[in-house]
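Student: Given next are the chains, with one letter for each unit.
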Amino acid sequence: MSQTQRIILYSLAIIASVAWIGISADTSNITNGFAPQEGFSAPDFTLKTPDGETYTLSELKGKAVLINLWATWCPPCRAEMPAMQKLYEEYESQGLVILAINMTHQDYPLAIVPFANEYGLTFPILLDETGKTASAYQLRSLPSSYFINRAGIITEVVIGGPMSEALLRTRIEKILE
Amino acid sequence: MLELFRDIFAPPRHLILLVLAVWLGATLTEKRAERFGIDKDDLSLIIYYGFIGFIIGGRLSFMLQNITAFIQSPFSIVSVNVDLFDVFGGSVVFIIIALIIIQRRKLSFWSSIDALTPFFAILVNGLALSHLAAGTAFGIPTSQPWGIDLWNATRHPTQIYAFIASLLIFCLLWFPKQTLRPGIHFLTFAALTSASQIFLGMFRADLTLILNGIKQEQVISLIVLIICFILIEIRLKQTTTPQ
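For the record, the sequence lines run as chains A and B.
Going by our numbering, the first residue of the first sequence is number 235, and it counts up by one from there.
Going by our numbering, the first residue of the second sequence is number 913, and it counts up by one from there.
Keep in mind the hints are simulated off the structure, nothing from the lab.
Errors might be hidden in some of the hints.
Stated by the list, open to error - With a Cα cut of at most 25 Å, we get these calculated DMTMM-like pairs of lysine to aspartate or glutamate: (1) A/K408 / B/E1129; (2) A/K282 / A/D260; (3) A/K366 / B/E915; (4) A/K408 / A/E272; (5) B/K943 / B/D954; (6) A/K295 / B/D1118; (7) A/K366 / B/D919; (8) A/K366 / B/D1061; (9) B/K1089 / B/D951; (10) A/K297 / B/D953; (11) B/K1018 / B/D951; (12) A/K366 / A/E293; (13) A/K408 / A/E287; (14) A/K408 / B/D954; (15) A/K295 / A/D285; (16) A/K408 / B/D1061; (17) A/K297 / B/D995; (18) A/K366 / A/E287; (19) A/K320 / B/D995; (20) A/K408 / B/D998; (21) A/K282 / A/E411; (22) A/K366 / A/E324; (23) A/K282 / A/E363.
What the hints assert, rightly or not - Ranges between beta-carbon positions, derived for each pair: (24) B/I1122 / A/E324: 31 to 37 Å; (25) A/G256 / B/Q984: 31 to 37 Å; (26) A/A259 / B/I983: 40 to 46 Å; (27) B/Q1056 / A/I387: 23 to 29 Å; (28) A/I387 / B/G949: 21 to 27 Å; (29) A/E293 / B/V999: 53 to 59 Å; (30) A/R384 / B/T939: 34 to 40 Å; (31) A/P309 / B/R1017: 44 to 50 Å; (32) B/S1055 / A/G256: 21 to 27 Å; (33) B/V999 / A/P343: 40 to 46 Å; (34) A/T290 / B/L1121: 28 to 34 Å; (35) A/T290 / B/I1012: 38 to 44 Å.
As the list claims (entries may be wrong) - Partial list, derived from the structure: chain A residues whose beta carbon lies under 8 Å from chain B: (36) A247; (37) V392; (38) G394.
In this text the structure is predicted, and so the values were computed from the model without any measurement.
Backbone N, C-alpha and C define an ideal beta-carbon position, used for all residues, glycine too.
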């Protein structure tokens, strides 16, 4: 292939690419909807604490929310609780809410309150007694954590654990921005 | 079938696919090393130390960007969390290590990266499969019969498109027997990969939107494509005789 032929080929490829990028432009302003994935609105839920207090996610708009799905029998879940408690105390005043949703349908209900007392947890512990929230969040592995910004959009999903304090801190600071 | 695949390699197990891609890519690269006039042990060194550098460099780069978080919890630097990682920083360290080895072993730069092309090509394949397993790099909703159910909608299987495109690019570069001038092999791979990213960007729903809804990743791929064209021309002018 001669140089002239190559230059023509390059030019055509670049023109086609520019046109394709223009056609691909997304001007719809349609949000991604609800799904447990980065870039989507977090699926809503209403759950109760062991004391009977009710929390609804959609009522927390304007706050930065960390949703943590956990169970008492799960070692990495236990391991990351102290760091979560520490950072909750540090960032609560800036608008951080931690909702630790216990997979009660797969857990020992009587072990939940002693667990929270043992670790001195002061953030809300919610009970997923039916598995509906686990299903909405397409739970595949414990622990699973969802970092939700003040607009209600999931900015990060961390599957597995335990999450280190530095990981928690960097992600929390991001959703508090 | 797809559900079974996604169950087996659900996060964080999707990273196994990337590790497998590194192993397969390294094996194929060593197999073809001699065709590019490079000793396979030299290539193994680049991949081995480059990979270690990528892992350590990615963690260090992330740490430097979030230094205050690590000062408050220094032990986090040895945490097993894969999310404490900066891919760009890791890649820069990989490139630096590769350049050092190329210089120390007095290897030809262009022949070396030509020889490494199968490694990069297989890595792109592995990346597409890991996206499929994790449900990341997802597509826009579609009513096409080949759409996949993902994130509460039927979507373009962009991860499968990307896998097919990268597999075709790999085959295109792996099977022909003719010898190209040094650098052309890698630059062709980079140009084709950029072109496929521009094309598939149309169907992606997770890309960053900039001015008037233009997708940032497509613009970056276009810039890479133009750079590849320029470098191909420079290489063709510099090398008057085929290797």
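Student: Against this structure, judge whether each hint is valid.
Tutor: Verification of the supplied hints:
no.: 1; hint: A/K408 / B/E1129; result: holds, 22 Å
no.: 2; hint: A/K282 / A/D260; result: violated, 40 Å
no.: 3; hint: A/K366 / B/E915; result: holds, 20 Å
no.: 4; hint: A/K408 / A/E272; result: holds, 13 Å
no.: 5; hint: B/K943 / B/D954; result: holds, 13 Å
no.: 6; hint: A/K295 / B/D1118; result: holds, 23 Å
no.: 7; hint: A/K366 / B/D919; result: holds, 19 Å
no.: 8; hint: A/K366 / B/D1061; result: holds, 19 Å
no.: 9; hint: B/K1089 / B/D951; result: holds, 19 Å
no.: 10; hint: A/K297 / B/D953; result: violated, 55 Å
no.: 11; hint: B/K1018 / B/D951; result: holds, 11 Å
no.: 12; hint: A/K366 / A/E293; result: holds, 19 Å
no.: 13; hint: A/K408 / A/E287; result: violated, 29 Å
no.: 14; hint: A/K408 / B/D954; result: violated, 42 Å
no.: 15; hint: A/K295 / A/D285; result: holds, 23 Å
no.: 16; hint: A/K408 / B/D1061; result: violated, 30 Å
no.: 17; hint: A/K297 / B/D995; result: holds, 23 Å
no.: 18; hint: A/K366 / A/E287; result: holds, 18 Å
no.: 19; hint: A/K320 / B/D995; result: holds, 20 Å
no.: 20; hint: A/K408 / B/D998; result: holds, 15 Å
no.: 21; hint: A/K282 / A/E411; result: violated, 28 Å
no.: 22; hint: A/K366 / A/E324; result: violated, 31 Å
no.: 23; hint: A/K282 / A/E363; result: holds, 9 Å
no.: 24; hint: B/I1122 / A/E324: 31 to 37 Å; result: holds, 35 Å
no.: 25; hint: A/G256 / B/Q984: 31 to 37 Å; result: violated, 47 Å
no.: 26; hint: A/A259 / B/I983: 40 to 46 Å; result: holds, 43 Å
no.: 27; hint: B/Q1056 / A/I387: 23 to 29 Å; result: holds, 27 Å
no.: 28; hint: A/I387 / B/G949: 21 to 27 Å; result: violated, 52 Å
no.: 29; hint: A/E293 / B/V999: 53 to 59 Å; result: violated, 36 Å
no.: 30; hint: A/R384 / B/T939: 34 to 40 Å; result: violated, 48 Å
no.: 31; hint: A/P309 / B/R1017: 44 to 50 Å; result: holds, 46 Å
no.: 32; hint: B/S1055 / A/G256: 21 to 27 Å; result: holds, 24 Å
no.: 33; hint: B/V999 / A/P343: 40 to 46 Å; result: holds, 42 Å
no.: 34; hint: A/T290 / B/L1121: 28 to 34 Å; result: holds, 30 Å
no.: 35; hint: A/T290 / B/I1012: 38 to 44 Å; result: violated, 56 Å
no.: 36; hint: A247; result: holds, 7 Å
no.: 37; hint: V392; result: holds, 6 Å
no.: 38; hint: G394; result: holds, 5 Å
Checked against the numbered hints given earlier, the structure breaks hints 2, 10, 13, 14, 16, 21, 22, 25, 28, 29, 30, 35 and satisfies all the rest.
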